[in-house]
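Engineer: Take a look at the letters that make up each chain.
4 protein chains.
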Amino acid sequence: MSKLKVAIIGCGYWGQNLIRNFSDLDDVEVAAVCDVDLNALARIKRRHPAVDLKQNYQEVLSDSRIRAVVIATPVSTHYSFARQALLAGKHVLVEKPLATSSVKVLELIELADKQNKVLMVDHTFLYTGAVRHLKSLIDSGEIGDLLYFDSIRISLGLVQSDINVVWDLGPHDFSIMDYLLKQAPVAISALGIKHLNCPFENIAYVTAHFGSNMIAHFHLNWLAPVKVRRTLIGGSKKMIVYDDMESNEKVKVYDKGITLTSRPEGVLESLIGYRTGDMWAPKLSLTEGLRVEAQDFLESIRQHRRPISDGASGLRVVRILEAATESLARRGQPVELTAASELAQAV
Amino acid sequence: MSKLKVAIIGCGYWGQNLIRNFSDLDDVEVAAVCDVDLNALARIKRRHPAVDLKQNYQEVLSDSRIRAVVIATPVSTHYSFARQALLAGKHVLVEKPLATSSVKVLELIELADKQNKVLMVDHTFLYTGAVRHLKSLIDSGEIGDLLYFDSIRISLGLVQSDINVVWDLGPHDFSIMDYLLKQAPVAISALGIKHLNCPFENIAYVTAHFGSNMIAHFHLNWLAPVKVRRTLIGGSKKMIVYDDMESNEKVKVYDKGITLTSRPEGVLESLIGYRTGDMWAPKLSLTEGLRVEAQDFLESIRQHRRPISDGASGLRVVRILEAATESLARRGQPVELTAASELAQAV
Amino acid sequence: MSKLKVAIIGCGYWGQNLIRNFSDLDDVEVAAVCDVDLNALARIKRRHPAVDLKQNYQEVLSDSRIRAVVIATPVSTHYSFARQALLAGKHVLVEKPLATSSVKVLELIELADKQNKVLMVDHTFLYTGAVRHLKSLIDSGEIGDLLYFDSIRISLGLVQSDINVVWDLGPHDFSIMDYLLKQAPVAISALGIKHLNCPFENIAYVTAHFGSNMIAHFHLNWLAPVKVRRTLIGGSKKMIVYDDMESNEKVKVYDKGITLTSRPEGVLESLIGYRTGDMWAPKLSLTEGLRVEAQDFLESIRQHRRPISDGASGLRVVRILEAATESLARRGQPVELTAASELAQAV
Amino acid sequence: MSKLKVAIIGCGYWGQNLIRNFSDLDDVEVAAVCDVDLNALARIKRRHPAVDLKQNYQEVLSDSRIRAVVIATPVSTHYSFARQALLAGKHVLVEKPLATSSVKVLELIELADKQNKVLMVDHTFLYTGAVRHLKSLIDSGEIGDLLYFDSIRISLGLVQSDINVVWDLGPHDFSIMDYLLKQAPVAISALGIKHLNCPFENIAYVTAHFGSNMIAHFHLNWLAPVKVRRTLIGGSKKMIVYDDMESNEKVKVYDKGITLTSRPEGVLESLIGYRTGDMWAPKLSLTEGLRVEAQDFLESIRQHRRPISDGASGLRVVRILEAATESLARRGQPVELTAASELAQAV
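Protein chains in written order, with the numbering used here: chain A, 188 to 534; chain B, 188 to 534; chain C, 188 to 534; chain D, 188 to 534.
Source of the hints: derived by calculation from the structure; they are not laboratory data.
Do not take every clue at face value.
If chains are identical, the list can't say which one is meant, so a pair holds when it fits in one copy or spans any two.
[As the list claims (entries may be wrong)] Computed cross-link-like contacts, SDA-like style, restricted to lysine to any residue with a CA-CA straight-line distance of at most 20 angstroms:
hint : residue 1 : residue 2
1    : 232       : 215
2    : 232       : 219
3    : 424       : 469
4    : 424       : 297
5    : 369       : 499
6    : 470       : 323
7    : 414       : 435
8    : 381       : 267
9    : 414       : 467
10   : 190       : 488
11   : 322       : 497
12   : 241       : 227
13   : 232       : 214
14   : 369       : 398
15   : 424       : 413
16   : 291       : 477
17   : 301       : 204
18   : 424       : 400
19   : 192       : 237
20   : 291       : 266
21   : 414       : 339
22   : 190       : 219
23   : 424       : 467
24   : 232       : 246
25   : 369       : 473
26   : 190       : 423
27   : 192       : 212
28   : 424       : 254
29   : 304       : 436
Every value quoted in this text rests on a predicted model; they were computed, and no experiment measured them.
Please build the complete structure, drawing on both the sequences and the hints.
Structural biologist: Structure below.
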């Protein structure tokens, strides 16, 4: 079996990780790296003197040996670069978020279907040992019914020049929630603030509404003095702390909860019982998420199947981003999420 | 100078702390402890065999040697017990929140003024070494302009039988914010959820709006597997992490921030600079907050002055609680805070 | 059943904890508190106005209603105070270490036997939920064969005026090791340093030798900027971290280890396999150790049985202290521990 | 200026880091990578398809364009490989420890002098932002007189096939101590244990004696369930915690200490005062130590000067390793360190 030739488009910080991880795969060859910035290409040349460097994206697209492109360029260019690649008959993996609107994402999904090509979005956390373990814990029923999902992703981050903090950091947590939960949110609320005359929000609080039994909340912040990446997941049977900053023990499962006796009369206090028990931290796979993701892209191409973070996953995340943006503009008023089927028809 | 005779009303968990701290003061005598629960009184008797135990609050009120009462009973009783005490000519310290409505708080404030007695609310965190140090840091201008205040207070807490999580945990953080910030919030948003058929919210997210340059946010949760009490305060010059669960170094000041050059044209990236520097953790007073608070109550009585956590402080906190309650019922719609002066006239 | 009357001798920091814990027991009455320091007695009076305060130890001893004394005085006085109490027919609980030499401890043990009274030493950690759980884990065989015991107990501690850091802090860790391990050490090495012209070592490293398969090591330090109380216990099946500074999860059990295949020839690398698995933190009893210890003292008196931290436990700890002292003077030369039987005969 | 051509000898885990860091330097070219293991070479080829791969060390030595070699092979081969390289006229950077005996290290030092070539040892921690900052703090006098140096380096490490834990982990901490302290130790004690029929110690405790005012201690352990890399440095004015596992704030400086009033008579307690103050964590350079080290190697070659971790630094560390080995065999008896001058004469 010949090696699959891949081109990496955009070689900033994340592009370098993509080059390294695709290079390490057995059946893949990083055949070209493309960037408009000559300095960025020079940096790549130093570590990877053998790779073919391109400044012109069209040269990549017209090279018929290249069967797949990985797009790690600014968000505003995702749609156009992915569309051209699909039209040129390439499989496409796009950095998150997949595009700047759900309409554009839908168009890409339909185009990929028509072209019979893989369309994948780089929701890299879904491929980490931690999130994969969380998925199996929740699916097994061990956690019980989910009561809440509370996520913090803050640091002194690079203020982005083209998107706000929700579009920058939110896709990580929204994609994790989307992957882990069987329910889809029905509405999104968001509040935030634009400091320092910035055109974009640099702090935002996003809430996903699920009806009466579940709530999800996200704190996204570019101005925090400490780096925190922590998610609490409350279940009726057990509760989870997922702390991505821990070098070991990223996932802790607490045998804690409250139990409610359904006694109709009587004081509330007598109905609620606390339960505390052991905590355990399961052993997690240490393989880099991006490596597993690159493998999923490769195998999806080979086996003509959908990857875990497929276009539909990218669409659900972009719809949350759009709803959050609208709610931010309306001072937190909840914005209902149109069901995917309706959205598809509306296009 | 004879010792000031104080009665403690309600001897649950917090009542015992009150007895201990008032007993340790030089010029105070805990002359009586009152509770309707005979078992609670029996527990007190074991550790404090000499104290006068009462089941009847009226006996305390009619004892003219007792000059002050400290009320640590369920929230719904605060107003009535405090009102009776003021009418009986006692100075009053009331557990937080001061009462169940701002109308009742205003009535207590006016009554205390008329009776020329001290009315104080037990906002105990204001008296800790950590919060007092934060106050001096912010007042000195060292932190710069405040950009955000983000607070988390979560644990597997005792679900209360008469109030929701906002009324239970919120007064701590709202009073800290009120004390530290010179600005008052203009509106409150709140979202939350009632799980397990409970009549009250057990998780809530409250946002205080301050206009364009500042936002405050509070995560309050009775269902968390871990205990977190952490506040981030972002300033234009420095940023603070106040972690009350740290045994040492509760306050960390980061010489970090972002700077914005006001260049009218050009890309945004070139305008924003990151600044990272040292972190320091100032030495804090280790005296128990409740001890300092008891001292403030005593000196306010002696010197006919207002304590730090006076009735007005209690009023501002209750108004936030009321607005949060209203916003919860309206699915997060911001509720404007009436200015205190208008509120006073409206009564 | 009438309440057992107990006297507390010495009311410094630890004495106050003793008073509180014995007061909270149902069947005990703290009948007297004795100290030569009038200021210390005045402090006690404030919190415990009903207790009988004494300056003269002989008055306590001659009070026939008092059946037990708890001695929390400076180390150099332990032997004399305990001896007089036993001679006066009292049961005795003595602060650690039990006395300043094993000869004196042996004498107390024999006297207690002769008088048919309980002699107990305040090895308080043995009664904590954490150490009791460790005991059950090790006894169950779940940890496998013990490979090492490594303990750190350091802080910016109060330099003691009559003993070095080994005699001050060592009894905690030596008693824990003695309780948890079935093996007894065969020799003790110790190295340390006396700084600042102090007459006593303020930093010491103590090693307990157990033969070829086990080693124990202790870092004891009064000059550390941070408080650390952490013990690692390595077993052939599992490994334990016991961190007493953690508010929750004091005990963590790691399913980690190394396995050795006994292949006679071949390279070493192929013989050793690493095993990593889950970590879990068992739920621990939260009852204060001193409370459980006071109960053990009471029940030992009532039931004419030996407490867990009996005179023999005190003797084994003092013998380690003596050997460490001798090794310190010999620049770390190992000092063999005489077997207890020989020691008894030698007296 | 033409690029300096370097060959990397040995491409295990550390060899890959060497390749990456030397590749990133502007004026250096990694001209060859050499390993006897074809699989290791194949792994290198995947990431660095352009590099010249060699199985035969002699080919590297005879290539006159290659001016420097970096040796990252098993410890037992260091001496021979370094000697051949120096004889072939190459500059040499050798993985720690520099050789298996001080006699061999001395021979290499003399050979490098004779050949007028740079001989450097890979004491990589000396080049980290943390250790460089510690050096400046100590040199400035801010810490005061050093009282102790306490280091822990433990994890579930790969049991080495040719050396014990002291030779494996010790060079890191011994080189840090050697770099930071102006004093040299006068003797070394060491205790350890060989478990599981291993031929080498897998746990060791090493003490460096400095006379009456200073002690250093090292805990080295391959069998620990958690990874700890922490050094405490106690000074008469300030105290330091250097925790290399912290992602930020690796160095914390505590304004804590004890002060001794030199009052000849009177109780000791009145002579000792405790001082506690702020803690601060200085901003540290985030540049990878190995990068700075590679730069020092390059500039030492260019400028005909000695690097920071020169042959003499390697010699002092190997002498500590030898003394520790001897003390281990003598059950902890202190082994005096011969002064370097005597050692040189003895060869």
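Engineer: Run every hint past the structure and note whether it holds.
Structural biologist: Right, here's what the structure says about each hint:
Proximity of residue 232 and residue 215 under a CA criterion of 20 angstroms is satisfied in both settings, with 19 angstroms inside one chain copy and 14 angstroms between copies. Both within a single protomer and between protomers do residue 232 and residue 219 lie at most 20 angstroms apart by alpha-carbon distance, with minima of 11 angstroms and 17 angstroms respectively. Proximity of residue 424 and residue 469 under a CA criterion of 20 angstroms is satisfied in both settings, with 17 angstroms inside one chain copy and 17 angstroms between copies. Taking the closest pair of Cα atoms, residue 424 and residue 297 never come within 20 angstroms of each other, the shortest separation being 41 angstroms inside a single copy and 49 angstroms across copies.
With identical chains, the CA atoms of residue 369 and residue 499 are at most 20 angstroms apart within one copy only, with a shortest distance of 15 angstroms there and 48 angstroms across copies. Taking the shortest alpha-carbon separations for residue 470 and residue 323, only the intra-copy value of 13 angstroms comes in at or below 20 angstroms, while the best inter-copy value is 24 angstroms. In this assembly of identical chains, the alpha carbons of residue 414 and residue 435 lie at most 20 angstroms apart whether taken from the same copy (16 angstroms) or from different copies (9 angstroms). For a Cα distance limit of 20 angstroms, the shortest separation of residue 381 from residue 267 qualifies neither inside one copy, at 29 angstroms, nor across copies, at 45 angstroms.
For a Cα distance limit of 20 angstroms, the shortest separation of residue 414 from residue 467 across copies, 17 angstroms, qualifies, whereas the shortest one inside one copy, 24 angstroms, does not. Taking the shortest alpha-carbon separations for residue 190 and residue 488, only the intra-copy value of 12 angstroms comes in at or below 20 angstroms, while the best inter-copy value is 42 angstroms. Proximity of residue 322 and residue 497 under a CA criterion of 20 angstroms is satisfied intra-copy only: 17 angstroms inside one chain copy versus 50 angstroms between copies. Taking the closest pair of Cα atoms, residue 241 and residue 227 come within 20 angstroms of each other only inside a single copy of the chain (11 angstroms); across copies the shortest separation is 30 angstroms, beyond that limit.
With identical chains, the CA atoms of residue 232 and residue 214 are at most 20 angstroms apart between copies only, with a shortest distance of 14 angstroms across copies and 22 angstroms within one. Proximity of residue 369 to residue 398 under the C-alpha cut-off of 20 angstroms is restricted to the intra-copy arrangement: shortest distance 13 angstroms within a copy versus 38 angstroms between copies. In this homomeric assembly, residue 424 and residue 413 come within 20 angstroms of each other (Cα to Cα) only across copies, at 15 angstroms, whereas the closest approach inside a single copy is 32 angstroms. Proximity of residue 291 to residue 477 under the C-alpha cut-off of 20 angstroms is found in neither arrangement, the shortest distances being 25 angstroms within a copy and 46 angstroms between copies.
Within a single copy, residue 301 and residue 204 get their C-alpha atoms no closer than 30 angstroms, and across copies no closer than 45 angstroms, so neither meets the 20 angstroms cut-off. Taking the closest pair of Cα atoms, residue 424 and residue 400 come within 20 angstroms of each other only inside a single copy of the chain (14 angstroms); across copies the shortest separation is 42 angstroms, beyond that limit. Taking the closest pair of Cα atoms, residue 192 and residue 237 come within 20 angstroms of each other both inside a single copy (14 angstroms) and across two copies (18 angstroms). Taking the closest pair of Cα atoms, residue 291 and residue 266 come within 20 angstroms of each other only inside a single copy of the chain (7 angstroms); across copies the shortest separation is 59 angstroms, beyond that limit.
In this assembly of identical chains, the alpha carbons of residue 414 and residue 339 lie at most 20 angstroms apart whether taken from the same copy (10 angstroms) or from different copies (16 angstroms). In this assembly of identical chains, residue 190 and residue 219 lie within 20 angstroms of each other by CA distance solely inside one copy; the values are 14 angstroms within and 26 angstroms between copies. In the homo-oligomer, the alpha carbons of residue 424 and residue 467 lie at most 20 angstroms apart both inside one protomer (14 angstroms) and across protomers (17 angstroms), since each shortest distance falls under that limit. With identical chains, the CA atoms of residue 232 and residue 246 are at most 20 angstroms apart within one copy only, with a shortest distance of 18 angstroms there and 27 angstroms across copies.
In this homomeric assembly, residue 369 and residue 473 never come within 20 angstroms of each other (Cα to Cα): the closest approach is 26 angstroms inside a single copy and 38 angstroms across copies. Within a single copy, residue 190 and residue 423 get their C-alpha atoms no closer than 48 angstroms, and across copies no closer than 46 angstroms, so neither meets the 20 angstroms cut-off. Taking the closest pair of Cα atoms, residue 192 and residue 212 come within 20 angstroms of each other only inside a single copy of the chain (11 angstroms); across copies the shortest separation is 29 angstroms, beyond that limit. In this assembly of identical chains, residue 424 and residue 254 lie within 20 angstroms of each other by CA distance neither inside one copy nor across copies; the values are 47 angstroms within and 50 angstroms between.
Taking the shortest Cα distances, residue 304 and residue 436 never come within 20 angstroms of each other, neither inside one copy (38 angstroms) nor across copies (47 angstroms).
When the structure is compared with the earlier hints, violations turn up for hints 4, 8, 16, 17, 25, 26, 28, 29 and for no others.
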